[in-house]
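Residues per chain, in single letters:
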Amino acid sequence: MKSIRFFLLSRLLGGATLVLAAAGAAVYVAVARSLQAGLDRDLAARVESLASVVFQTREQVDFEFSDQLMPEYGGEEGGPATPHPAYFEIEFADGTLLERSNSLAGADLITPDEVTATPSYWTAPLPDGRDGRYVAQRIEVHHVFPEEGPDRPTAARLVLVVAQGREELVALERMLLAQCVGACILLAGLIAALSWLAVERGLEPARRLAARLDAIRVDDLPAQLEVGELPAELAPVADKIDALIGRVQTALSRERRTTADIAHELRTPVSELLTVSEVALRDGNDARAGRIALAKVRDVAWRMGRSLSTLLKLARLEMGAERIDRESVDLGGIVREFLRSLSAAARERGIKVESDVGLGDRVAGDPEVLRIVVSNLLSNAIHYSARDGVVRCSFESPNGSWRLVIENEAGDLEPEDLRSLSEPFWRKDRARTDSDRSGLGLALSRALAEKTGMELAFELENRVFRAVLSSDADDGAF
Amino acid sequence: MRVLIVEDSETLRESLRTGLAREGFAVDVAGDGRAGLSYARNNPYDVLVLDLMLPLLDGMGVLAGLREKQDRPHVLVLTARDRIEDRVQGLDAGADDYLVKPFAFEEFLARVRALVRRRYEERSSVVTVGELVVDVVARRASFRGNALELTAREYALLEYLALRRGHTVLREEIEDHIYGVNKLPSSNAVDSAICILRAKFGPAGRDLVRTKRGQGYVLEDPAA
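Heads up: the protein sequence lines correspond to chains P and R, in order. Number 422 in this note's numbering belongs to position 415 of the first sequence; there are no gaps in the numbering. Number 180 in this note's numbering belongs to position 197 of the second sequence; there are no gaps in the numbering.
Watch out, some of these pointers could steer you wrong.
Which bits of chain R does chain P cover? Going by a derived footprint, with three or more residues having C-beta under 8 Å, they are [to be verified]:
{"hint": "1", "segment": "1 to 13"}
{"hint": "2", "segment": "87 to 94"}
{"hint": "3", "segment": "182 to 188"}
Simulated from the structure, these hints should not be mistaken for laboratory data. Quantities reported herein were computed from a predicted structural model and do not represent experimental measurements. Using N, Cα and C, we set each Cβ at its ideal position, and we do this for glycine too.
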């Protein structure tokens, strides 16, 4: 669609033109038929007039015609010719000629093969070459003498054929056609002008909306569009745009916060790199100190690299550029594997780990994704659980769906913190209490879960924190 | 000069400690705000290097906790927060200087030295006591035009005495400012260090550092 204006105007004008053309044609046909019916009535009247001057006696059938009364049939023989003459011919049923108009000058008038008492009409050229209209009818002689008694003869049957020119009718039809076409063109023009005005007026709120949208700057998004009253058709659009602006604002705020967080998170390791290297350089002769500094630089660089990889993975997920596989995965095996690898950390903090997730608890999913998510959840649970606390893992798969629950004592986590848990770099304690934790694990886990059709939810109940990884029946357990 | 570093990043904390110690500072470190506040309250630090985002108690909390302390150290806030309002908030809370991460170690060192001078109300970077000249920026000393070969600890002792020239400095004060909490010297470490200083001044400078028996030492021009 090039434009709403073009669409509306083309459809309105096209439709109106079609309607007008149909209406004009209907009017034309009706009036033309009416005119022709009038001509036919005229011809029928002529037949009746001619029939009325035929008389029959026992001896003969006589035609008492007066040229003066009906000069259109040619007047007296040898008299002046009528410019637009009419024609008639009267024959007996056996084809014997009774009379013909002087205008025929002895020529025959076309007579159809079969003539009935009902008049039949047709159009054909006249003897003088003009376009003509004909009528043929079989009649019985009206005036039979004697009118009564046994001597009254049987009324003779005659065939009357009358013809006259159609020039007046054709002229009227042409005038009618011209008027119909002219009226249609005029009305189409009027409709076009009115449609243009109506469309322009109808589109004015859309233009107002467009101008308002055009004035919006990304760095100064309004809470609402504020475009005044809108028609019912555009009001939902404005509402949707308001909602979209809200979502854009949220996304932008998150983006800015994430950018600021990334910058902030990079400042400390960059400071570490700078300070370690500068301090080492100030004492360049101390080889041992230099080696220690290099090892520190390597550790910091590794940590930064891990954060960057996670950030890149998050970005690729949001762009939809991360490939996700789907297969039967031994979730129980993954849980056991990470519980084993985290057992030293758990022991160090005096944490007891209880798990009812068994080998062979299989689910449908991406094995790499499940490994990352499970590893992050278990690592977080052990890291943030209170010392000497308990971390519990449980798995259930009712009706084809499945739920993996990892819970630990909540520490100082509050219910309002749950919303922020999966934001990049969010920490309950804004300081970096552990440089090995980037603050990206839960953000990555939730993004990965959503991307692969799972859900990662967080719950807090009676000071127990639960991370619930689940999938519904459609993506259920194997 | 004694400095306390309160920073949660172990790598940064230890690097700063190493760098400052090599410059002759006595350095103590703390990894969280609560420990940092406890150290700062109970020891006479010249400079407190304080990160704002700290576990257990943030930097603002440490500054608030030091508000009532007599003879509180000058505070250099070291943070990743770089917004103007963050700086204003930090300075209003009692910080004396503000350094945004990442930073060059040289600049950090210069700011620590500047805070030390401010603490002793020393406007000039060169302190002169008779024929003794101590350049606290270059961290060099000379007597009668001859450069003195001093270790970092010896220089720190001389600088501390020079900044407090004309005043009697107690032995405990020297211990507090030249040695960190975990490196308490032996009972005669200060006396030994003074002896070495005197020896390096040579016979003409033996009287620059005078012993006040039972009290401590005073650095002054014997000819004045």
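Cross-check of the supplied hints:
Counting residues of the segment 1 to 13 of chain R whose C-beta sits closer than 8 Å to any C-beta of chain P gives 3, which meets the bar of three, so the coverage hint holds. As drawn, the segment 87 to 94 of chain R meets chain P at 4 residues by the rule of a beta-carbon pair under 8 Å; at three or more, the given contact holds. Given as covered by chain P, the segment 182 to 188 of chain R fails the check, having 0 residues with a CB less than 8 Å from a CB of that chain where 3 are the minimum.
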